[in-house]
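Here are the chains, one letter per residue:
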Amino acid sequence: MYSSIEVEKLSYSYPDGHVALREVSLNISPCEKVALVGPNGAGKSTLILNLNGILRGQGKISVAGLELNEKNLGRVRACVGLVFQSPDDQLFSPTVFEDVAFGPLYQGYPEVEVRQRVKEALAVVGMSDYVGRVSHHLSVGEKKRIAIATVLSMKPELLVLDEPTAGLDPRARRSLINLLRELPITMLISTHDMLMVRELFPRMVIMDEGYIVADGETLELMENEALLSAHGLEKP
Amino acid sequence: MHIHFLDPYQPRLSPVHRLDPRVKFVLAVAFILTTAITPPGAWPVYILLLAIVLAVEILSDLGVGYVLRRSMLAIPFVLAAFPVIFTLEGLTVFSLDIGPWMLTASQPGLERFISIALKSWISVQAAIILAGSTPFPDLLVAMRAVKVPRLLVAIFGLMWRYLFVMVDEAMRLLRARAARSGHADRSDLKPGGKLVWRGRMAGGMAGSLFLRAFERSDRIYMAMAARGYNGEVHSFALPSLSPANWLVLGLSLAVLLILLIISILIFG
Chain E
1 MYSSIEVEKL
11 SYSYPDGHVA
21 LREVSLNISP
31 CEKVALVGPN
41 GAGKSTLILN
51 LNGILRGQGK
61 ISVAGLELNE
71 KNLGRVRACV
81 GLVFQSPDDQ
91 LFSPTVFEDV
101 AFGPLYQGYP
111 EVEVRQRVKE
121 ALAVVGMSDY
131 VGRVSHHLSV
141 GEKKRIAIAT
151 VLSMKPELLV
161 LDEPTAGLDP
171 RARRSLINLL
181 RELPITMLIS
191 THDMLMVREL
201 FPRMVIMDEG
211 YIVADGETLE
221 LMENEALLSA
231 HGLEKP
Chain H
237 MHIHFLDPYQ
247 PRLSPVHRLD
257 PRVKFVLAVA
267 FILTTAITPP
277 GAWPVYILLL
287 AIVLAVEILS
297 DLGVGYVLRR
307 SMLAIPFVLA
317 AFPVIFTLEG
327 LTVFSLDIGP
337 WMLTASQPGL
347 ERFISIALKS
357 WISVQAAIIL
367 AGSTPFPDLL
377 VAMRAVKVPR
387 LLVAIFGLMW
397 RYLFVMVDEA
407 MRLLRARAAR
417 SGHADRSDLK
427 PGGKLVWRGR
437 MAGGMAGSLF
447 LRAFERSDRI
457 YMAMAARGYN
467 GEVHSFALPS
477 LSPANWLVLG
487 LSLAVLLILL
497 IISILIFG
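First to last, the sequence lines map onto chains E and H.
Counting along the first sequence from 1, when you hit position 168 you're at 168 in the numbering used here, and nothing is skipped either side.
Counting along the second sequence from 1, when you hit position 139 you're at 375 in the numbering used here, and nothing is skipped either side.
For the record, the hints were derived by calculation from the structure and aren't laboratory data.
A hint or two may mislead.
Calculated Cβ distances over 12 Å to all of chain H for the following chain E residues [said to hold, decoys possible]: (1) GLU6; (2) ILE28; (3) GLU32; (4) GLU98; (5) GLU113; (6) MET127; (7) LYS155; (8) ASP169; (9) ALA172; (10) SER175; (11) LEU176; (12) MET194; (13) LEU195; (14) ASP208; (15) ALA230; (16) GLY232.
Only pairs whose alpha carbons sit at most 27 Å apart, straight line, appear in this in silico DSSO-like list of lysine-lysine [unchecked claim]: (17) H/LYS426 <-> E/LYS119; (18) H/LYS383 <-> E/LYS155; (19) H/LYS430 <-> E/LYS119; (20) H/LYS430 <-> E/LYS155.
So the derived list for chain H, only partly shown, Cβ under 8 Å to chain E, looks like this [said to hold, decoys possible]: (21) ARG413; (22) ASP421; (23) GLY428; (24) GLY429; (25) MET458.
Please read all numbers here as calculations on a predicted model, not as lab measurements.
Here a beta-carbon is modelled for each residue, glycine too, at the ideal position from N, C-alpha and C.
I would like the entire structure built from these sequences, with the hints used as guidance.
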């Protein structure tokens, strides 16, 4: 069966010996929207960085049927649209256009197609008017949307976001949630925002101390208050 | 992701590590000054100085190999003294024909160059031992104790504190770039982009790093001002030096002074 992403017994230790992932297995089907929750230090960010080979652990990862290895690394990176928590890390170019164009330009697409992709990506996140703006002067909410556009322009197989609603005001959070709901793409989102999880994600994966401790239907897991509190989570 | 490899401090239990930071700082500066003032061509004195620095390396438990590897940092700076070979007058050693120019190496010039190279190499080793055996905050305290201007010490301290933050930030930018450096699923497209474009992107990253450092310095200043900072750095009084530390300081300074006097009397 075709999966957007397939993780099999992935383990990862940091160079200082700290074990961050212990035999993690995860399977996400196309267009499925999955929330990744757990306390700080549970291994969520480490897992995310493994998905496109920024960190390399032991185990098997396949994205859209492509196995992650030296040969496929470039292809896998284009398939996994990874949006970092801080949009300031994500937006490293002077203008919004250059940032959104970075992915396709790196891939080698001709100018006409790059322009078309930038236009589409900005339209999807509702930021078409910002194409010539300087990223530095945008609000956090605007930067978040642009950051999502920078990976959408690569037409990825799945979108991986690290704490997308952290630091947003209620209005920016609401508009981001609406945007995520409407995007017809596979999603894996690491978050502490349990209200958003309940609203948006039918499936929830709980991580703690490097293990996946639960993986199932959100509404069902949310009823299990003993499980939530055992892993530092709260029922919204 | 945090960067620790920049920190030169190597925790050990050696006598050099236990010596008071003020003593170490004064001795390191005195050693470097002595090396600098020693006249060119005083080879036996250089050997003695090198022997001292090697002995301290062994005593400090840092390992001679570690210090020597790091001391290679001095090489590019030594090259600045290279023209001296050809600019001093004296006995001709060899001549080079480079197109219209004729470069003549003189014996005093060569002697001066080798002296400068040796002296910088020995001095750098002393500095490496100091940084390797003393935690940086202690070094700041030592600088304040010997009346290095407080503002300068405060600047060193802040630079040290935020250097790591900056490097972390740069690493995160590079990681974000790597995450989007993908390949298309079309074999006719060559990934990587044009060289000029890559240069532009790297320039943009450097620029945004500068902007952020600038903004951060504003925020830090405001946070300092909010806690009463008025340009004056206050600190506790330091404990007095133990007799043993005074002894080490006095003896070492005496040895350095004697070496200096001998070198000036014989070779000066």
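Right, here's what the structure says about each hint:
{"no.": "1", "hint": "GLU6", "result": "holds (18 Å)"}
{"no.": "2", "hint": "ILE28", "result": "holds (18 Å)"}
{"no.": "3", "hint": "GLU32", "result": "holds (22 Å)"}
{"no.": "4", "hint": "GLU98", "result": "violated (7 Å)"}
{"no.": "5", "hint": "GLU113", "result": "violated (10 Å)"}
{"no.": "6", "hint": "MET127", "result": "holds (18 Å)"}
{"no.": "7", "hint": "LYS155", "result": "violated (9 Å)"}
{"no.": "8", "hint": "ASP169", "result": "holds (20 Å)"}
{"no.": "9", "hint": "ALA172", "result": "holds (21 Å)"}
{"no.": "10", "hint": "SER175", "result": "holds (23 Å)"}
{"no.": "11", "hint": "LEU176", "result": "holds (19 Å)"}
{"no.": "12", "hint": "MET194", "result": "holds (27 Å)"}
{"no.": "13", "hint": "LEU195", "result": "holds (28 Å)"}
{"no.": "14", "hint": "ASP208", "result": "holds (21 Å)"}
{"no.": "15", "hint": "ALA230", "result": "holds (29 Å)"}
{"no.": "16", "hint": "GLY232", "result": "holds (23 Å)"}
{"no.": "17", "hint": "H/LYS426 <-> E/LYS119", "result": "holds (23 Å)"}
{"no.": "18", "hint": "H/LYS383 <-> E/LYS155", "result": "violated (61 Å)"}
{"no.": "19", "hint": "H/LYS430 <-> E/LYS119", "result": "holds (22 Å)"}
{"no.": "20", "hint": "H/LYS430 <-> E/LYS155", "result": "holds (21 Å)"}
{"no.": "21", "hint": "ARG413", "result": "holds (6 Å)"}
{"no.": "22", "hint": "ASP421", "result": "holds (6 Å)"}
{"no.": "23", "hint": "GLY428", "result": "holds (7 Å)"}
{"no.": "24", "hint": "GLY429", "result": "holds (5 Å)"}
{"no.": "25", "hint": "MET458", "result": "violated (19 Å)"}
Violation of the numbered hints given earlier is confined to hints 4, 5, 7, 18 and 25; the remaining hints are satisfied by the structure.
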